[in-house]
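Peer 1: Kindly generate the complete structure, drawing on both the sequences and the hints.
Chains as they are written, first to last, in the UniProt record's numbering: chain Z, 1 to 267; chain W, 1 to 747.
It should be emphasised that the hints constitute simulated quantities derived from the structure, not laboratory data. Heads up, a few of these hints could be off.
[To be verified] Facing chain Z, according to a computed beta carbon distance under 8 Å, are these residues of chain W, among others: (1) Ser-29; (2) Glu-30; (3) Phe-44; (4) Pro-619.
[Stated by the list, open to error] Each computed DSS-like pair below joins lysine-lysine, with the alpha-carbon atoms no more than 27 Å apart: (5) W:Lys-207 <-> Z:Lys-208; (6) W:Lys-230 <-> Z:Lys-186; (7) W:Lys-230 <-> Z:Lys-187; (8) Z:Lys-44 <-> W:Lys-650; (9) W:Lys-230 <-> W:Lys-571; (10) W:Lys-80 <-> W:Lys-650; (11) W:Lys-423 <-> W:Lys-452.
No experiment lies behind these values; they were computed from the predicted model shown. C-beta: ideal position from N, C-alpha, C; glycine also.
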Amino acid sequence: MQYGMIIDLERCVGCHACTIACKAEWEVPVEFNRNWVYRMGPSKVGNEIAATYYPGLCNHCTEPVCVPECPADTEDVTFTDPKTGKTVTMEVAATWKDPFDGTVQVDKNRCIGCGACADACPYNARYVNPDLTDDVSEDGKVDKCTYCQPRLQAGLEPACVQTCITGARIFGDLDDPNSEVAKYVKKGAKGLEAEGGDLGPNSRYIGKKKDMALLFNSYTPELADMNKVRRRAMIASLVKPAVKQLQGLGLLGAAGILVAKKLSEDK
Amino acid sequence: MAFNLTRRKFLQSASLAAVALPLSEAIASETSIQRSPLESTGSFGDETVVGGVCEMCFWRCQLVGKKRGDRLIKLEGNPKSIDNGTSICARGNAGIKLLYDPDRLKYPLKNVGERGNPKWKRISWQEALDECGTKLKQVHEKYGAQGLCMFPHGSSAKYPMHFMERTLGTHNVSEASFYQCRGIRDTAYLATIGKAPGENVDMPNAKVIMLLGGHFGENVHVSHIKRYIKGLENGAKLIVVDPRFSASAAKSDVWVRIKPGTDTAFLLAIMNYLIINKKYDEEFVDEYGDGLEELQAGIKQWTLEKAAAECDIPAAQIKEVAELLAANSPNVSIHPGRHVSWYGNDFQRQRALACLTGLLGAFYVKGGWVPGKGPKVGAISWAKHDHGDEHNLNMNEDEERLYPYAPPGTPTELIRDAALTGKPYPIKGCVIWGQNPIQTIPGQDKMKEVLKQMDFVMCVDVMPTDVTMWADILLPEVSYLERYDYIKTGTQWDFADNHLQFIAPRMPLAEPMFERKDQVYITNEIARRMGFEKEIPVSSAMEMVEKNLEVAGLTLDQVRKEGGIHTRPGKDPYAMPEDFEVLFYNEDIEDAGFPGIPTYKPTEPPPAGYTRLLYGRVPVHTFNRTQNNVWLNRAMPENPVWINDELAAKMGLSDGDTVGLVNQDGFSSRTTTTVKTTPGIRKDAIYMAHGYGSANPLLTVGADAGVDDQSLITKITVDEETGAHGMRTNFVKLVKDGKVLDIPTSA
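Peer 2: Set out below in structure tokens:
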């Protein structure tokens, strides 16, 4: 099972209902968004003129680049298949890709607020909410679109889908060939793949040829420089109280930790 | 906020949610992770309260609230709604940020400074009402009812407006929804088909949809947009006539990049083509039309070529549009528009739209103009009295109307001119209720002069809008989420579905906070103090709604039990009324001294070095009413100026440049905004969203955000037949780094 969302640009009128409903549902701070709508154009596309929208959100990627970057302590987590009741136990850090529904989720208990996952995301789909602090993190906690997993668990649609005024957001299981979303993929719904990446974004877009060209030409997500991301993550994990004992980092030693602390304070 | 929740509280609400929703419905993976108390719980587990009717705009979608304790957390479309369903737009979703806006008016205030530069002192309701009652009574006694004027807006302003008009007896009421918006459309259609058209086109079932300036997507009303998108999805061809590549143009099959102000010429050429080539609906016109010969004779000069030259578009494109309409008639939606006060030649254009609809036989047919058959509810209010027309400013000595096709109320300019000259009589008392005449009506300085010369000005509003700075007494009103008033009625939006009707009275979803009061309380208390206690029709807003529901055989209790909306079987909307006719030629209009057939009147072109200022909407704002809403502000914090990219290149302007504007009369914008360069606008116009750039510092989010387009509309244009304003007749230059940039006219 892999949840995905199709955004039908022929239906989308760019009204922003999705973004505001999400803010209300999840009490997203004013300065952040779990989803967004950017207007593209009017611009020339070949000999035509086009204008469309980029209604973006977490892509719950098939191969998410954010998940492996989490430096938090791992924990055994048991996942239950909603259909069969089958369970799987995996060792995961504070963010993971769900083995059954394919969504990418965050455990705020263990998130150390370092922002490595947010830095790694080519879509800017994650943010650190500085208001969410606890003993584990004084810097806040990372937040993002969950495809409204708690609502799904309660048998409801994602909030953005529920409010969409034209039915432009279609949600479902991409792995089910009979689902509406799978049919859209057959018709050509495409995800915004990062340049040179192979993430497999599961939020996908479909629309008129010129509108798709405008969207895909003007929005080109780029992979982050992972060396930078990792260095920051490592530093953060070292100075956090809930330090994860990463194998292979022992060589940093006490001096290394001091340097890391200093770097962190300079920030 | 979620982070204030203790773990214990979190667990409580989580368990409640689990009780409400059986686990068997779970369709997402479950994990062994204990959710952090920091995690927001989502609103879905919260209590649902029913009976909300939105008023973030006038479309009035039906709502439910999600309530946690005393606090509304979220608004959603009412799942029982056959109008908006579970959908609401960005503004509707942001309603709770209006409800809890810290800048909202909280207490009655008295201006102890001066008008326009107020110093506010908190006073008691007793004192405020005494002051309003006494001052209005003084004006009433000294100058007569005609010495009072009113600028109302919104559903809560109806009740006090009726008190002013019916009980006190002043004609001097100017509703922005008529005189700066749709009044021209309504009276033009009344003079053609005997009915105001609303936006009643059956788009879901149309084969062609034609929009003249309509920019749906930027302009959002939920069930209206549902109709439009359903129509496109069902295969309708979309024709969009607009100088700008609007949100609708982006979805169009034909974009007619028309020269601003020439729309009527375009419509006349289409009609001429249809008539000459016998491509109109002869059967329909024979049966329901009147005056085709006069129309034919009167528009015969409007060849495709002549219109093409006038409108600056290819003749072939006009022909393409005409052919497309003819080939698909009568199942065509010729949209009547809504905000149509553009160039001062608008009555004739609206007549042309109605006549074109008639030539295509597109009334009461699938896809055509079809008003739904909604239910009847009561309209209890102040009793009507005949106050005569002696002091009606729209009536001359011979008892002829100066503006014979004026919508209800009195043309704004007649009121303002009388106030400023004292002729034919002084106007010295002003009640402003929900309207912001400073940012709605052309000529801000004129409006300020009008307010300055008043003996008394009172404002009732939810927010400290710009005009409230001119009040002597400023009263805080409850919002649409905290009061009873309007009863929304209608039908299902797609006439292809089962015919249903609905009745949805507005019921409060939250308790009023601070000292805010509703329209019935405020009006009654003032009426009492002016000596009209015996005339008071209802003692509370709830009673008013209850009585209005009675007419439909309903009670508030019953509607509440039904989930906030009463739905019942409807009627076939396509049945043609017996006496229906389309007046292509209207003798009365001619007798009144205006062209009896739709006639093109050119508008003044931009002077050298200037370009025309066009304005429109963005989907996250309603007029000037939502710019202080922090969520909506974040979505679109300012209103960029659209300028043609080639023109911009010649002027050395780039995307994102900061600019101000100055108009033909030398008025400069108080604030700045950014440049958006695009091929999607003609060179003879620039465009910006309306409603930004408020000046009231009490709007801590919206003040100074973007540019106030209204401040640049100083040249006052009035539509001759209706007395309503035309607001696209002003011209501007851009100002960058203090330098005024001429617009290369022959670019």
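Peer 1: Run every hint past the structure and note whether it holds.
Peer 2: Verification of the hints:
The interface hint given for W:Ser-29 is met, as the beta carbon of that residue sits about 4 Å from the closest beta carbon of chain Z, less than 8 Å. With a least beta-carbon distance of about 4 Å to chain Z, the hint placing W:Glu-30 at the interface is held under the 8 Å criterion. Nearest Cβ of chain Z to the Cβ of W:Phe-44: about 5 Å, under the 8 Å cut. The hint holds. Given hint, W:Pro-619 at the interface with chain Z, holds; its Cβ is 4 Å from that chain's nearest Cβ, closer than 8 Å.
A C-alpha spacing of about 19 Å is found between W:Lys-207 and Z:Lys-208, which places the hinted pair at or below 27 Å, so the restraint holds. Restraint check for W:Lys-230 and Z:Lys-186: the C-alpha separation of about 22 Å stays at or below 27 Å, so the hint holds. For the given pair, W:Lys-230 sits about 19 Å from Z:Lys-187 by alpha-carbon distance, which is consistent with the 27 Å threshold. This hinted pair checks out: Z:Lys-44 and W:Lys-650 have alpha carbons roughly 18 Å apart, not beyond 27 Å.
Restraint check for W:Lys-230 and W:Lys-571: the C-alpha separation of about 21 Å stays at or below 27 Å, so the hint holds. About 55 Å separates the Cα atoms of W:Lys-80 and W:Lys-650, which puts this hinted pair outside 27 Å; it is violated. At most 27 Å may separate the alpha-carbon atoms for a hinted pair to count; W:Lys-423 and W:Lys-452 meet this at roughly 17 Å.
Violation of the numbered hints given earlier is confined to hint 10; every other hint is satisfied by the structure.
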